[in-house]
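Line by line, the protein sequences give chains E and A.
For the first sequence, this note's numbering gives the first residue as 1, with consecutive numbering after it.
For the second sequence, this note's numbering gives the first residue as 1, with consecutive numbering after it.
Treat each hint with caution, since some may be false.
Residues from chain A that keep clear of chain E, each with C-beta distances beyond 10 Å, as calculated [stated by the list, open to error]:
{"#": "1", "residue": "30"}
{"#": "2", "residue": "163"}
{"#": "3", "residue": "181"}
Here's a subset of chain E near chain A, in silico, CB distances under 7 Å, partners left out [to be verified]:
{"#": "4", "residue": "17"}
{"#": "5", "residue": "20"}
{"#": "6", "residue": "21"}
{"#": "7", "residue": "25"}
{"#": "8", "residue": "63"}
{"#": "9", "residue": "66"}
{"#": "10", "residue": "67"}
{"#": "11", "residue": "476"}
{"#": "12", "residue": "598"}
Sample of chain E residues with no beta-carbon within 12 Å of chain A, all distances over it, derived [unchecked claim]:
{"#": "13", "residue": "27"}
{"#": "14", "residue": "176"}
{"#": "15", "residue": "182"}
{"#": "16", "residue": "263"}
{"#": "17", "residue": "314"}
{"#": "18", "residue": "369"}
{"#": "19", "residue": "471"}
{"#": "20", "residue": "474"}
{"#": "21", "residue": "521"}
{"#": "22", "residue": "588"}
{"#": "23", "residue": "595"}
{"#": "24", "residue": "632"}
{"#": "25", "residue": "681"}
In short, the hints are calculated from the structure, not lab data.
Built from N, CA and C at the ideal position, the CB exists for glycine as well.
The primary structure of each chain is shown beneath.
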Amino acid sequence: MDAPIPRDGEIDLCRLKELLAQAEGLAVADREPFLEAAAGDSPALAAELRSLLEAGDGFDDPLERPPSLLHGERDAFPKRIGPYDIDGVLGRGGMGIVYRAINPQAGVPVALKVIQPGLGTHAFMRRFEAEREVLARFRHRNIAQIFDGGVDPSGPPFLAMELVDGPNLLDYCASRRASLTERLGLFRDVCLGVHHAHLRGVLHRDLKPSNVLVAIQDGMPVPKIIDFGIAKAIREEGALSESALTRHGQMVGTLEYMSPEQAEATSQDIDTRSDVYSLGVMLYELITGALPFAAERYRSGSPIALLRMLLDEKPVAPSERRGTASGVDSMPGTIPSDLDCLVLKCLEADRGLRYLSAKELADDIDRFLTGHAVVAKPPSTSYLVGKFVRRHRLGVGAAAAVLLTLVLGLVGTSYGLYREHLREQELKTKVASLEQALEDSESISLYLYRMMRMSLPENLGPTGSISEAIHQIVDMAQSDDESADFARGRVLIHAGRVLVDLDDDEEAIEVLKEGVDLVGMPSTVRGRFLRSLALYDIGYMHYERRQLDEAEEAFLDSGQALAGLEDSHLSMKIAVDASLASVIGDRGQYQRALDLMDSIIERATAAGIPASRLGSHTVSQGYLRFRLGEREAGLDNMRRGYGLCVAEREPKEEIPLACQRALVSLLLEDFRFDEAAEVLADYVDNVAAGPGLETFKGRAAQLLSSLAESHLQSPAAGPGAASALDVQLQAMRDDFPTRFRDSVLPRHFLASDLIEGRAGAVERALAMVDELETADGAGHAAAVSQLFARASLLGGATEEASLLLTDALERHRVLIASESPLLTELEALLERVGRAQQVVDVAPRRPVKSGEGALRR
Amino acid sequence: MKRPQDRSVPEERVTRVTEILRAARSGDGSAMDQLLPLVYDELRRLANVRSRGLRHSIQPTELVHEAWMKLVRNEDRHWQSRRHFVNAAGAAMRNLLIDRARSRAAEKHGGELDRAPIEVLEGQAAEDEQSPEELLAINAALDLLADVDARAAQVVTLQFFAGFSTSEIADALGVSDRTVRNDWGFARAWLRRTLASKS
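The following block holds chain A by itself, in its conformation from the complex (with noise of 0.2 Å):
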C-alpha cells in the first residue's frame, strides 16, 4: 500500500511508535517502557529546536501536542493509543524537565567555564521561573508521594509537568474529572507538607 515518505520525522520511528502502541493495547506491560525513550528523544529534540531564537519560554503542553502530531499522526487515532502516549509524555517530559533543572542547578554552582552568554542570548528569564532546586525538590517529594498514593503522583506529574487538561489525565486515568481534582488537591497539600518539613 502506498503511504507518503518524506514526513518530518523517520518513517521508521513513527512505525515503530505505531507498533509499541499497538503492543500497548493488546496488553504488553512492557510497551509503555519501550515508548519512554521514544517520546522523551523526540520532546528533547523538539525542546531544542524551539529554544532558538525564542524570547519566550516554551509550554510543555506545546512539545507534547507536537510530538503526537509527529510520532503518531493520523494512523493511530485509537482512543487507548492516546492514552498509552499521554501517560508516556508525562513521564517524558517530567524527565526531561528534571535533567535540566539538574544541569543548571550544577551550572550554577561552579560548572564549566567557557560558556555561550546565554542571559544575553535569551534576554529576560521569567521573574517567577521555578529555580532549579525548588524543582528538583518537589520532583523528590513527588518520588514519596508515589509510594503513598501512586495515582494522585502521576496526577501531579501529568498536570503540573506535561500540562495534561484535567479532563486528559481523566481520560487517560480511566477516573473521573472529580477524582482527578481530588488528587490533585491532596497532591498539593501533602507535597506542601513535605517541602515545608525540609526547609
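If we strip away everything but chain E, and leave its shape as in the complex, we get (with noise of 0.2 Å):
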C-alpha cells in the first residue's frame, strides 16, 4: 500500500507528507529554515511544500466541519387524502409519512399515517393492515388511540390517529421544572399504557421520551404513547403473531433505551420485560437528566462493546448521577435511596431480576409515591453475597465460570478419546487410504494434483500460509461444477477439518456443513465414518461457543451417521454420545443425560472395553449424579473414576486433569474446602509436570480462585480465603504473567475488599502497582493500575477509583501519543467518576507520596 518509488522529476509523497506533517507543527517563522534543511536536495518538493504551506494560510481548513445527516427527504406532500385535508408534515418513518390533516366533516385535527409512495408491495400492505388491526385493539387513555383507516381510491393507504399536541414527556418535565412528585405521577400513566398493550399481547420495543408526548386535557397533562409502529403480537396464536409482518428494514429500538437482549442483534428472544428496560432508561433520565451510561459511549464503541457494557457494567445510581448531569433539565429536590432501588431494577441485565411487567413497576411506583415501602429494597446481606457472584460472572464468577470450565472440560475429554481413536484408526488404515486414494475417482486426484501445484512459489498467495492454501482448495471445491458431489464433500470436509486445527473456527463450520450436505448419506462405512467425523467436529465447535441446539443436533446427526456401524467405531460412537450427553447435561437435563451416560457404560462394559477405559465416563456419571441432589454418591464416583484414568494414563494428560478439574469444582460446590485444597494442590503438582499448557495453567488458577471465592462465601470467611489467594497469586505470576494481569489482579483486589475492608484492598493494590512498575516497567504497571480501578468501580468504590484512574492516566501519558483514545477514554471516565463523587461525602486522604508516576493521594 506504500507510494511507488518515485521516478526522476516526481516527488517522493510518502516523504512530502512526512515533511509536511512536521512543518505544520512549527511556527510560520520556523518552516523555512526546516525546509531548506529538510528538502534542500529536492527543489521541486521544496517548492510544493512552500505551496501546501502558503495556500492553508488566511483560509478555512475545509474539512474541519463534517457533513451531518440534518435533513431528511423532502417530498412534497398531497393536499388531500381520502376525507382529509393535509396540513403540514409531522414526521416520517421507516413506512411512511405522518401528516397533520384535518377532516373538514368532524372538524378534528388528526395525525394521518400514509404509507410510502411507492412502498405499496404486497408485505407492505399486509404489515399496515396488521398494525391497524394491533392499534385499533387499545383503547387507553395513554395510548393515542386510533380513529380510523382506509384506502384512498386514487392515493396510498392510510392511518387517522389521534393527534397529540404537545412536547415529548422530557421536554414537558423540563419546561416546567416539574417536582419528582408530577414526574413519577406522569411516568407511572406511562406504565399503565404500556401494560395496557402488554395484556393485548403487544410489545412497543421502542419505548424512549420522544415515544411520549404529553397532551392537556381538561387542564391536566396525560401522557400518550405513541408509535406502536414496530410493534409485534407476542401472542404465539393468532393473526398477528407471523413475524414476518415485522421484518422489513425498521430499526427496532433506539440504541440508548434498548435492553440488553435487544442490543443482542442475534436475540429475537424479547418480552415484556425488554419493555420494562426501557421504561427504567426514560425514568432515569427523568430524574436525572442523563442516561444511565454517558451517551456517547452507546456509539463510539463496537456492537460488541456496547453489549458489554450494558451487560458488565452497572448504572450510577440515580441519586448519585444527579446535578452531576450536564444540566439539561433541573428537578428541584433530591432522590431517595428507595428511588435508586426501583430504578436500578429495571435497569438490571439480567431481566429475572427486573420488574415482571409494566404494573408490577407502576405499582411499586405508587408505594412509593404514598411513602410505603417498596418491592425493590435497600440490598440485604445475603442479596450483596449474591451481587457478588453475579457481578463476577464474565470473567470471575464462581458458580457459572466453574460450571463452564467443568463441562467443557467433560466434552474436552470426549473429545480426547476421541482423537486417540482417530490416531489408532488412521495407524490401522494408513496402508488402505493410501491404495484407496490411488483407485478413488478422478476428481480427487485432480484435487491432489492441485494442491501440489499450489506449494509452487508463482501459486502461493501473498502470505504464502497454509491457512490461505486451504481457503484456495475451499474455494476450488466450492466452485467446481464437474467432479461428483460426494467427491467435492469430502475434499471439503478434509479442509474444513485442517481448518479446524488452525482455529479459523468460523469459516471451519461452515466448510464442514457444506461438505456433509454434499457427501449425504453414503452407502460405504468410510463414508458414513467422514460424515460422522465431520458433523462431531461441528458440534463441538457450536458446544464451545455454547450454541446449545446445533450442538446437540450436530451430535445427533454424527451418532446417526454411524448408526448399524458400531461394531468397528464403537470407540468412536462412545465419544459422540458422551459428548451429547454432556450437552444434555448443561442444558439442565440431568436425568435424560445420565440414562444416556449409564448405557453408555452399559454398552462398552458388555463389548469388553476394561473399565479403566472408562474412567472419565465414570467421572461424568458421578457429576450428573450429584447435579441430580445425590450429591455424595456423585463425588464417590467421581473420586472412582478419576483413580481408573490415572490407572490407565499419566495424571499430567489432559483427561486425567479434566476429571480432577471437574472433582475439585464439586468439592468446591459442597463447601468440601480441605478435600477441593488437596486435590487442587495434586491438580497444580500435574499440571507442572504436564506439557505446560496455558489454559491447563490458566484453569488452575481459575480453580484456586474459586477455592478462595467460596471460602468467601462460607461462614468462615478471612484467613483460609486469604492464603488461597496468596497461592494463586503466587501461581499465576511466575507461570502466566499476562492472565495474572488481565484477570487474576482485580478479581484479587475485589476478593481482599471483601476480606479486609476496602482501605486494606486499595493499600494492597497501590503496593502491588509499585512493584510492578520496578519489575515490569511503567506500561504494565499503568495497564494494572487501571484494571484496579475498573474493579474498584464495579465494587462501587468512586473515590479509590478516582486515585487509580489519575495514576493510571499519568503512567499513560508518559508513554502513550497526547491524541491516543485510550487517554481519551480514560479522562472521561476520570471526569465521570470525579463528577459523580463532588456529590458523595469525600474521606480523608491518605498521605502523599512522591516520585515520577506516583499516586496523587
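The task is to assemble the complex, starting from two chains supplied on their own in separate frames and drawing on the hints.
Set out below in C-alpha cells:
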C-alpha cells in the first residue's frame, strides 16, 4: 500500500507527507529554515511543500466541519387524502409519512399516517393492515387512539390517529421544572399504557421519551404513547403473530433505550421485561437528566463493546448521578434511596431480576409515592453476596465459570478420547487409505494434483500460509461444477478439519456443513465415518460457542451416521454419545443425560471395553448424579472415575486433568474445602509436570480463585480465603503473566476488598502496582492501575477508582501519544467518576507519596 | 441448522451481505461493487427513520455503526469483513451525503413549490452546518485528489464523510495510524489549496 518509488523529477509523496506533518507543527517563522534543511536536495519537493503550507494561511480548513444528516428527504405532500385535508408533515418513519390533517366535516385535527408512495407492495400492505388491527384494539387514555383507516381510491392507504399536540415527556417536565412527584405521576401513567398493550399481546419495543407526548386534557397533563409502528404481537397464536410482518428493514429500538437482550442483534427472545428496561432508562433520564451510561459510549464502540457495557456495568445510582449530569433539566429536590433501587431494578442486565411487568413497576411507584416500602428493597447482606457472585460472572464468577469449565472439560475429555481413537484408526488404515486415494475417482486425484501445485512459489498467495492454501482448496471445491458431489464433499470435509486445527472455527463450521451436505448419507463404511467425524467437529465447535441447540443436533446426526457400524467404530460412537450427554446435561436435563451416560457405560462394558478405559465417563456419571441431588454418591463416582483414569494414563495428561478439575469444582460447591484444597494441590503439581499448556495453568488459577471465593461465601471467610488467594497469585504471576494482569489482579483486589475492607484492598493494590513498575516497567503498571480502577468502579468505590484512574492516566501519559483514544477514554471516565464523587462525602485523603508516576493521594 | 428468523433487516439481505463479504475475503474484486448498493440502501433507510422527530443532527458514524450491526450482525466477525465493510460504508456514506447536498442545493435555487414546512419541523438548522455548495466543492476537489493520491482521498472519504476513527481507517487500509494521519494532513493542505484557487 506504500506509495511507489518515485521516478526522476517526481516528488516522493511519502516524504512530502512526513515533512508536511512536521512543518505544520512549527511556528511560521521556523518553517523556512526547516524546509531548507529537510528538502534542500529536492527543489521540487521544497516548492510543493511551500505551496501547500502557504495556501493554508488565511483559508479555513475545508475538513473542519464534517457533514451531518440533519435533513430528511423532502417530498412534496398531497393536499388531500381520503376525506382529510393535509396541513403539513409531522414526521417520517420507515414505512411512511405522518401528516397533520383535518377532516373538514368532523373538524378534529388528526395525525395521518400514510404509506410511502412506491412502497405499496404486498408485504407492506399486510404490515400496514396488521398495525391498524393492533392499534384498533387499544383503548387507553395513555395511548394515542386510532380513529379511522382506509384506502384513498386514488392514492395510498392511510391511518388516522389521535393528534397529540404537545412536547415529549422530557421536554414537558424540563420546561415546567416539574417536581419529582409530578414526574413520577406522569411516568406511572406511561407504565399503565404500556401494560395495557402488553395485556393485548403487544410489545412496544421502542419506548423512549420522544415516543411519549404530553397532551393537556381538561387542564391536566396526560402522557400519550405513540408509534406502535414496530410493535409485534407476542402471542403465539393469532393472526397477528406472523413474524414476517415486522421484518422489513425497520430500526427496531433505539440504542440508548434498548435492553441488553435487544442490543444483542441475534436475539429474538424479547418479552415484556425488555419494555420494562426501556421504561427504566426513561425514568432514569426523567429524574436525573442523564442516561444511565455516558451518551457517547452508546455510539463510540463496537456492538460487542456496547453489549458488554450493558451486561457488565452497573449504572451509577440516580441519586449519585443527579446534579452531576450537564444540566439539561433541573428537577428540584433530591432522590431518595428507595427510588434508586426502584430504577436500578428496571435496569438489571439479567431480566429475571427486573419487574415482571409494567404494572408491577407502576405499583411500586405508587407505593413509593404513598410512602410505603418499595418491592425493590435496599440490598441485604445475602443479596450482596449474591451480587458479588453476579458481578463476577463473566470473568470471575465462581458458580458459572466453574460450571462452564467443568462441562467444557467433560466434552474435552470425550474429544480427547475421540482424537485417540482417530490415531489408532489412522495407523490401521494408513496403507489402505493410500490405496484408496489412488483408485478413487478422477476428481480426487485432480485435487491432489492441484494441492501439490499450490506449493509452487508462483501459486502461493501473498502470505504463503497453509491457511491460505486451504482456503484456495475450499474455493476450488465450492466452485467446481464438474466433479461429483461426493468427491467435493470429501475435499471440503478434509479441508474443514484442517481449518479446525488452524482455529478458524467460523470458516470451518461453514465448510464442514457444506461438505456434509454434499456427501449426504453415503453407503460405504468409510463415507459414513467421514460424515460422522465432520458432524462431530461441527458439534464440538458449536458447543464451545455455547450454541447448544446446534451442538445437540450435530452430535445426534453424528451418531446417526454411525448407526449400524458400531462394531467397527464403537469407541467413536461412545465419544459422540458422551458429548451428547454433556450437552444435554449442560441444558439442565440431568436425568436424561444420566440415562444416556449409564447406557454408554453399559454398552461399552458389554462390548468388553475394560473399566479403566471408562474412567472419564464414570466421572461424568458422578457429576450428573451430583446435580440430581445424589451428592455423596456422585462425588464417590467421580473419585472412583479419576482413580480409573490414572490407572490407564499419566496424571499429567489432558483427560485425567479434566476429571480432576471437575472433582475440585464440585467439592467446592459442596463446601468440602479441605479435600478440594488437597486435590487442587495435586492438580497444580500435575499441570506443572505436564506439557505446560496455558489453558491448564489458567484453569488451575481459576480453580484456586474459586476456592478463595467459596471460602468467602462460607461463614468462616477470612484467613482461608486470604491464603488461597496468595497461593493463586504466586502460581499465576510466575507462569502466566498476561492472564495474571488481566484477570487475577482485579479479582484479587475485589476479594481482598471483602476480606480486609476497602482501605486494606487499596493499600494492597498500590503496593502491587509499585512492585510491578520496578519489575516490569511503567506500561505494565499503568495497565494494572487501570484494571484496579475498573474493579473498584464495579465495586462502587468511586474515590478509590478516581485515585487509581489518575494514577493510570499519569503512567500512560508518559508512554502514549497525547491523542490516543485510550487517554481520552480514561479522561472521560475520570471526569465521570469525579463528577459522581463531588456529591459523595469525600473521605480523608492519605498522605502524598512523592516520585514520578506515583499516586496523587 | 436453526437460525432466528425475525429480525429487522430481511434475512435475504443479511445473507446476501454475508455472501458478498465472504467473496470479498477470498479475493473477489467485484464484491465491493455489489456491497456498495446494499450498504447505501441501508444507510438511506436508517437516515430516513432517524430524521423523524429529531432535533439534533445525526452523525454519519452512528448510522454506519448501526448499519454494520444490522447488515452483518454477529455472523461475520472476520476482521477482513470489517475492512471491506468499512470501505463500502465510507463510499456509500459519501454518496448519500452528496446526493442530499445536491438536492438541497437544487431546492435553494428554486426547487418545486408546495414543500413541507421543514424548517419549522426540524427546528434550528445548525449554524455551523456546511452549505451544500461547500460540500459539493469538497467532493469535486476530492475526485481530483484521488488522481494524485488515491489513498489520501480514501482517508478523507472514510474520516470526513463517514466519521471513522484514525485507527479504524488504518485497519481498513492496512497501514499504520501514523500513515493515516500524514495522509490526512496532506489531503487537508491539498484540498485547501485547490479550493482556495477556485474561489
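Hint-by-hint comparison with the structure:
no., hint, verdict
1, 30, "holds (15 Å)"
2, 163, "violated (6 Å)"
3, 181, "violated (7 Å)"
4, 17, "holds (4 Å)"
5, 20, "holds (6 Å)"
6, 21, "holds (5 Å)"
7, 25, "violated (10 Å)"
8, 63, "holds (5 Å)"
9, 66, "holds (5 Å)"
10, 67, "holds (5 Å)"
11, 476, "violated (10 Å)"
12, 598, "violated (29 Å)"
13, 27, "holds (17 Å)"
14, 176, "holds (18 Å)"
15, 182, "holds (23 Å)"
16, 263, "violated (9 Å)"
17, 314, "holds (24 Å)"
18, 369, "holds (30 Å)"
19, 471, "violated (6 Å)"
20, 474, "violated (8 Å)"
21, 521, "holds (17 Å)"
22, 588, "holds (19 Å)"
23, 595, "holds (25 Å)"
24, 632, "holds (39 Å)"
25, 681, "holds (40 Å)"
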